[in-house]
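Chain order of the listed sequences is C and A. Take the first sequence: its letters are residues 6 to 352, numbered as in our numbering. Take the second sequence: its letters are residues 12 to 357, numbered as in our numbering.
The hints are simulated quantities; they were obtained by calculation from the structure and are not laboratory data. Even glycine gets a Cβ: it sits at the ideal position worked out from N, Cα and C. Keep in mind that the hints are not guaranteed to be accurate.
Sample of chain A residues facing chain C (criterion: CB under 7 Å; computed from the structure) [what the hints assert, rightly or not]: (1) Met43; (2) Thr170; (3) Ala188; (4) Thr190.
Simulated restraints on C-beta separations [said to hold, decoys possible]: (5) Leu219/A x Asp52/C: 23 to 31 Å; (6) Ala353/A x Leu229/C: 36 to 44 Å; (7) Phe345/A x Leu243/C: 49 to 57 Å; (8) Gly240/C x Ala38/A: 57 to 65 Å.
Which stretches of chain C does chain A cover? Using the computed rule of at least three CB atoms under 8 Å from a CB of chain A, they are [claimed, not checked]: (9) 160 to 172; (10) 176 to 189; (11) 247 to 254; (12) 314 to 327.
Now for the letters of each chain:
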Amino acid sequence: MTADPIEASGGAAFAGRSNSLRILWLAAMIFACIVLCVLSVAFGTRDVGWNDIVAAVGGHIDSIGQAAVAVRIPRTLLALLAGAALGLAGAIMQGVTRNPLADPGILGVNMGASLAVVIGVVWFDMTSAYAYIWVAILGAGGAAVFVYTIGSLGRGGATPLKLALAGAATSIAFSSLVMALVLPRNDIAGSIQTWRIGGVGGATFESISHVLPFLAVGFAISLLSARKLNSLALGDDLAAGLGERVAFARATAALGAILLCGATTAICGPIGFLGLVVPHLCRLLIGVDHRWLLPFSALNGACLLIAADIAGRVIARPAEIEVGIVTAFIGAPFFIWIVRRQRVREL
Amino acid sequence: MTMASPAIALLNGDRRRRAHRYKIVIAILILMLAAAFALTLSLGQSFTPPRDVIRVLLGEDVPGASFTVGQLRLPRAVLSVLAGLSFGLGGAAFQIMLRNPLASPDIIGISWGASAAAVFAIVVLSLSGPAVSIFAVVAGLGVALMIYALSFRNGVAGTRLILVGIGVSAMLESFIAYTLSRAPAWSLQEAMRWLTGSVNGARLDQTLPLFLALVAFGGLLLSRARDLEALRLGDETAAALGVGVAATRIIIIVSAVGVIATATAVTGPIAFVAFLSGPIAARIVGNSGSLLVPSALVGATLVLIGDYCGQFLLPGRYPVGVVTGALGAPYLIFLLIRINRAGGSL
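So here's chain C without its partners, still in its complex pose (with noise of 0.2 Å):
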């Protein structure tokens, strides 16, 4: 327990979170994502006409306006899948590591995922769509095991700071070999920040349609452990004396978590500091049990990864920044303040 402060504080104080508060919440973060995904596809880069909009959500594409739109919806869908993705993935890691600083970008998991989709590309000539979604959560997994090992060498095992450090610091060494990797491929090298800062800009209902089987695998392994997770937030010795296979329960959450990052990397590119951000706003909406913490989680994650593509659209008008430049603009601060949190004697 002392491993995770905040888990620690937020269980004494949400501890008697009545449920009809939190089915409040619900609706009201369901209202929320709707109103949002409305406003993702009204606003953009292009100022379109109320009825050109709903044309073209009815299906019509006659003017560059309705054209406009039409690229939008697939744009909000992926936005809310991949949102919802990250945010119960980074719900996930926390449990699993019972470190509040765990998130699919921090611990190098997205970026070994999109770091083994341009291995793929560039060595191995990879095309197909699949392909793409097997190679990346491959490489979300390797990236996983890999940063966990590091992070657990050596005096008291994984401690949050030093499975934090190890994972930023692989993620810093996996970004500059994309980069080695990308950069004398003409032919995608012109998206050389994609695949080191992602985005749903690119959204076709073809590539959503890929990736969904795997999503869905990912979300259903992924809400099921929740009481997995419960067991584990009281420590490894408590859980296995509650009967718990505490190994068992690490690896498949962990694997829901993987397929969920793996997939979304795979044709988002690496989105970072969402998974970090949103369970620590759930647990302060609704309390540290998991079995409504990772529902909440995926609703909050699609809502905030939505706003953040709004945002990222409107600022920069004609252009646009990428969703995952905003993510960071507003999970960097979160991720120090988190840190600075953290007492030195654990440091």
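Chain A: place on chain C using the hints.
Chain A in isolation, oriented as in the chain C frame:
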């Protein structure tokens, strides 16, 4: 007395041997740098005989060689050397002062701060030349101050400073990406400079601010080399040895940021040179003397050779930062494993 004198003689002998070894190491490093410099001047797409290279350097007009050597290779090589010296020197100063190889300016965000300021000054404010350098130095100092303040809480713990720096780096990198996205006319090559560092398109007049900063800030840094070594033993010990700890820190931070930021304003943050030079130099020098000068020499050699590999030895043309980045990445991971194994006492 009879016991002490042989002991003192032994100690003196040891000290003399170490000083001797240090001089030899420095001489070898200088020779290596000179060899790399000569190589990059005479061998590129075509071979220029050393005699012609020397004639060009002496100012004679040699058909063909005057252009390739004088206009293309010489500015590039000089810029590489000066930038490498700056990154190596500044990086080692931070690593020694914070007693942690991971605390190099390119990992804790100071280089990113300078790079972000340079991009902002060039793209948004349309500045050029020395104004960009001044902007970069001020921003580098600002970032250094910010990281220090943000990680200060009952004293500054090493790991916390590095993690705060990594968070700040992520924001600055995003800021650079955002600013570059506002300037769609920029080529990939220009964008790469500010993301990973490059000496492409070097001109001799660009090297002047670097040289001046290296003389001024580098000289200041080297004049404090002895105090810096004392800081390595811990603040209390250093204070007991008569070192003004706070003043020394400030001087070292200002001068190290000065050299790093001036170099970054011209070449961009050449990946991992600041991080790699110190540990490599430590391997070579051992404990025979200050790491500052050897690190600077290693840094310059790294940039020269890295740029040469990126231009001629690899398939395709890479900016130097990509080569040093690919070299530094495995080393970063290796270092992390070694530190954790040794007890995780970061």
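Hints violated by the structure (listed by number, smallest first): Numbers 1, 4, 5, 7, 11, in rising order.
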